[in-house]
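Residue strings, one per chain:
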Amino acid sequence: MKQPNSTYSPLAALNTPAGRALIALAIVIVFGVLFNAEGAFFKPGTHRDAFRQASVYGILACGMTLVIITAGIDLAVGSVLALSAVCCAKMAIHWQWSPWLVICATVLVGAGSGWVSGGVTARLGVQPFIATLAMMVFARGLAKYFSGGMKVSTAVQQPDGTYEYVDVPDLFRMIDTRVFGGNVSVVTLIFLGCVAVAYVMLAYHRWGRELYAIGGNEEAARLSGVPVALSKTLAYVASGAFAGIAGICQAAQEQQGDPEAGTGYELIAIAMVVIGGTNLMGGRGGMGLTLLGVMTIGYLEKILSINAVPEAARLMLTGVIIIAAVLTQRRGRT
Amino acid sequence: MGHERTTSERQPKAARVSLTGITKRFGPVSVLEDVDFNLLAGEIHVLAGENGAGKSTLIKILAGVHTDFDGHIEIDGMPVRPRTPLEADALGIAVIHQELSLVGPMTVADNLFLGRMKSAAGMVCRHQQEDEARGWLNRLGVNIDVCRPVEQFPIATRQCIEIAKALSRQAKALVMDEPTSALSEPEVERLFEMIDQVTAQGCGVIYITHKMEEIDRIADRITVLRDGHRVGTAPAEELPKSKLIQWMVGRTVEDQYVRGSSHAGTRRLLLDQVSVHRRGGGRHAVVNNISMEVGRGEVVGLGGLRGSGAGELLLGLFGGVGEVRGRIELDNEPYCASTPRQAIERGIALLTNDRKGTGLVPPMSITANITLASLRQFTRFGWRRKVLERRSAQQAASSLKVQAASLNMPVKALSGGNQQKVAIAKWLQTEPRLLLLDEPTRGVDVAAKQEIYQLIEQWTASGISILLITSEMPELLALSDRIVVLHRGAITAKFSRGEATAQKILSAAMGS
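If you're matching them up, the sequences are chains A and Y in order.
Numbered per the numbering used here, the first sequence spans residues 1 to 334.
Numbered per the numbering used here, the second sequence spans residues 1001 to 1512.
Hints were generated in silico from the structure; no laboratory data involved.
Among these hints, one or two may not hold up.
One-sided excerpt, in silico: chain Y residues whose CB lies under 10 Å from chain A [claimed, not checked]: (1) Asp1331; (2) Asn1332; (3) Pro1334; (4) Asn1369; (5) Trp1383; (6) Gly1511.
Here are a few chain Y residues that face chain A, going by a calculated C-beta distance under 8 Å [claimed, not checked]: (7) Ile1144; (8) Arg1148; (9) Pro1363; (10) Leu1388; (11) Arg1391.
Quick caveat: nothing in here was measured; it's all calculated off a predicted structure.
Idealized CB from N, CA, C, for every residue including glycine.
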C-alpha cells in the first residue's frame, strides 16, 4: 500500500536526517555558485582543495561518529592527533623506519590512547566528557614530552649540536601528493577509506548494531546481553586509531610533527558529525550523514576563503551556520 | 505511644483539601473515574488500594504533576488547579516521596528555605534562617546541626527535614507515599510521633501504604480505590481488616481469562535459601532466604505489592542487579549468572516491566530490536547476515502478529501492545527454557492481553517454564499454576491454584 504522502513522496524523503543534511550541503554549494569569486569555484582545483583541507577533520569525524552514536563524546582526538603526528615524524624522520611500520605503530599509539579513555569511561564509569577531557590534556603533554616541546622536523640535531637537513621521508611524499591526473589528493582517499571502514562497521557488523543499541538505551542493551563495556571501549579505541591516521596525514602534509597541532580539531569534528544529523543523545545517525556534514563544512570554509572573507568573519559565520544546521535537524525530529 | 483518638478529636472539621469528580485518562485508558476524596484538617487519611488502583495518579493530580484531568480541586474552600509541582507547593500541598526532594549538597537550613530565602538587601540572612530551621526541627523533636549538608544524614533524618520543611511552609496537606519503606522499626515510631505533631498543627495527612499494620495504627479514615474508582471512605474503626481487603479486591469474576490445565513437569528451577543484595552491600537484603521450585511448563506467579522484592528476585536470577547468594539449580545443574549474557546463554530470558526504560531500544528498528539479544545467531565472524536476520524477524513478527507498516520502523512509533510483542519476540529468538515475565501485560490493550495469555499457554505446552509477576490480581490468579507471595523480600505464603483467592493473596502480601 503506497500512500501518496508517506515515505515514497520526494518531499518526505527530504524530511529525513539524510535529506536535511543534503539540503544544508546544497545551500552551501548554491552559495558557492552565487559567490564564485570570478569563476574560482568552478575550477577542479578548488573542489580538490576543499576536500583535501577537510580530510584530516573528516578522519577525526569518522571516529567521533562511532563514539557519539554510543551517546559519548571524544574530546581527546585533537591532542591524540598531535601525539601521533609527533610519534610518526620521530619514527619516519629520525629513526627512518619503513613506511608501513610507521603507519602501524602510529595507529597503535592512537588506539592505545583511545583504549585508555574508553576504559576509564566504560569500566570505571567516568563521564565521557571528563575522561576524554583528561586524555586531551594528557596526550598533549605526552606529545610535548616526546618532541621535547619542539617541532619534529627534517632539521635533525646532530650529536655535535649542529643541524643537518635530512630528506623528507617517502611516507610523507606518498601521502602529500595527488593522484588521478592531479585531481584527487591522497589524504582525501585516506579520508574516504576511513569513511568506508566506519560505514561498513556500523551498517554490517554486529559491533555497529551494539553501538546503536548502547546509545539508544544502554540498560536495555545490557539486559539483552550486549557486552556494553567492551563495545563502548572499542568505540573509543577506533576513535583513537582514526586520530592516529589523521596524525600521519597531518605530519605528512606539514612534513613535521608539531606537538601543538590539532588544537580545537575535536570541536570541528563534533560540528561535522552534528551538522550531518547524528544526535548527541546517541542511538541515531550514521557515517553517510557524517560524510555530508564533512562536505558541508569543508565547502563552507573553501567558499569563504576563495571569497577572501577575513578570518574573523569566517569564524563568526561558521558558528552561526552550525546553529542553523542543528536547529533544522531538530525541527525535523519532532 | 497512644494512637487511640477520642471521638471529640474527630469532630466534623473543615475539609482542607477536597477533590471532586476527578477523572484522568492516559490515551484510551482511564486510570481514574469520577473519584471524590476529601481531607479534613488534622486527620490522617490512608489511601489504600492494589498496585495500579490509581493512588499515585490521584496524588500526582493534587501535586500538579498531571494537569490534564477532569474534576475540581478545592483547598480550604478555594477552587484551585495546580499546574506545576511548584504551584501545588505554594498552595500548601507538600508531597514526601520515596525519592526525597531535598538538595543533597545544601545545608539543612538552606533546604528549609529553598526558594523563599530570608534576605535583607539581597543578602541571605543565614543566622536567622538557621535559628528558624532549628525551631521547626525542635518542634518535631529533632536535634541536628542545621549547618551540615543534607546528604550527610540518614534517610530517616532526611524525612524529618522534609516534614519540617512542609511545616515551615504552613502546608495544609502533607502527602506521604510509603514513607516507612526504608526505615527501621524505631525510626518508624519516631515518624509516627512526628506525624502526630503535624496533625496537631491542623495539617491533614494523606498516607499511602501497603502495610496493614500501619493502617491499623495510624489511620483516622480510609479511602479505598480500585481500578480507578473509589470503592468507599470510612472511619478506620468501621473498616476491619477483612472488610478492607474485600474492598480492595472485590471485583466481578466475569470476563476473566481461564487457563487450560497445568503442563507442570519435572523440576526446572530450584531456589534454595536465595538472597539478593544490592551491589555495594546495602544494609538489607532486598530478597531474603527464598526457597521455591519451578517445574517444566509450569507458571509460578509471584504475588506481592510494591517493595515485595519480586522484581529484584527476577533481576537477580538474570544477573542484572546486585549480588545473589544461595543455591540455585537449573535443570539439576548449578546455576549462577553475574551478567545477563551468561543468563541468556543458559536459556533464561527476562521480559522487564518497563519497555521504554529497560526493554527496548526505542530509536532502533523493529528488526534490530527483535534480534538484539540473539545477534550472535545472525552473524558470521561478526558480520551480520542481513537476509537471515530479516527473514527471522519477519517470521517472529508475523507469528506474534506485530502490526507495523514496516519492520524498519523505529519501535518507538508502535503502540504499547505491539512494542510488548516486539520485546517478547526478542526473547523468543534466544530460545529460552525459563521465561521471567515482569508485568507482561502492563500498558497493553485488551486484545493484545488475550494474545499474550494465549502465548503463555503455548509456551508452557512446549515445556517453557515461567516465573510471572503481575500486579493485576485476576491475571495472577488466572495464569499461575502456583502462587508464591512475597512481603518485604520474604515469602509469606504459597498457594496452589485451587487454594488461591484474591483475599488470601492480598492479606499475605500486606504481611498479615
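Results for each hint:
1. This hint is violated: Asp1331(Y) has a C-beta 20 Å from the nearest C-beta of chain A, more than the 10 Å allowed.
2. A cut of 10 Å between beta carbons decides the hint on Asn1332(Y): the least distance to chain A is about 24 Å, and the hint is violated.
3. Interface restraint check for Pro1334(Y): the shortest CB-CB distance to chain A comes to about 21 Å, outside 10 Å, so the restraint is violated.
4. For Asn1369(Y), the interface hint holds, the least distance from its beta-carbon to any beta-carbon of chain A being 9 Å, beneath 10 Å.
5. At its closest, the beta carbon of Trp1383(Y) sits 6 Å from a beta carbon of chain A; the interface hint therefore holds under the 10 Å criterion.
6. Nearest Cβ of chain A to the Cβ of Gly1511(Y): about 30 Å, over the 10 Å cut. The hint is violated.
7. Interface hint status for Ile1144(Y): violated, as the beta-carbon distance to the closest one in chain A is roughly 32 Å, over 8 Å.
8. A distance limit of 8 Å between C-beta atoms decides the matter here; for Arg1148(Y) the minimum to chain A is near 28 Å, and the interface restraint is violated.
9. With its C-beta approaching chain A no nearer than about 4 Å, Pro1363(Y) sits inside the 8 Å limit, and its interface hint holds.
10. A least Cβ separation of about 13 Å between Leu1388(Y) and chain A goes past the 8 Å threshold, and the interface hint is therefore violated.
11. Annotation: interface hint on Arg1391(Y) violated; nearest CB of chain A at approximately 17 Å, more than 8 Å.
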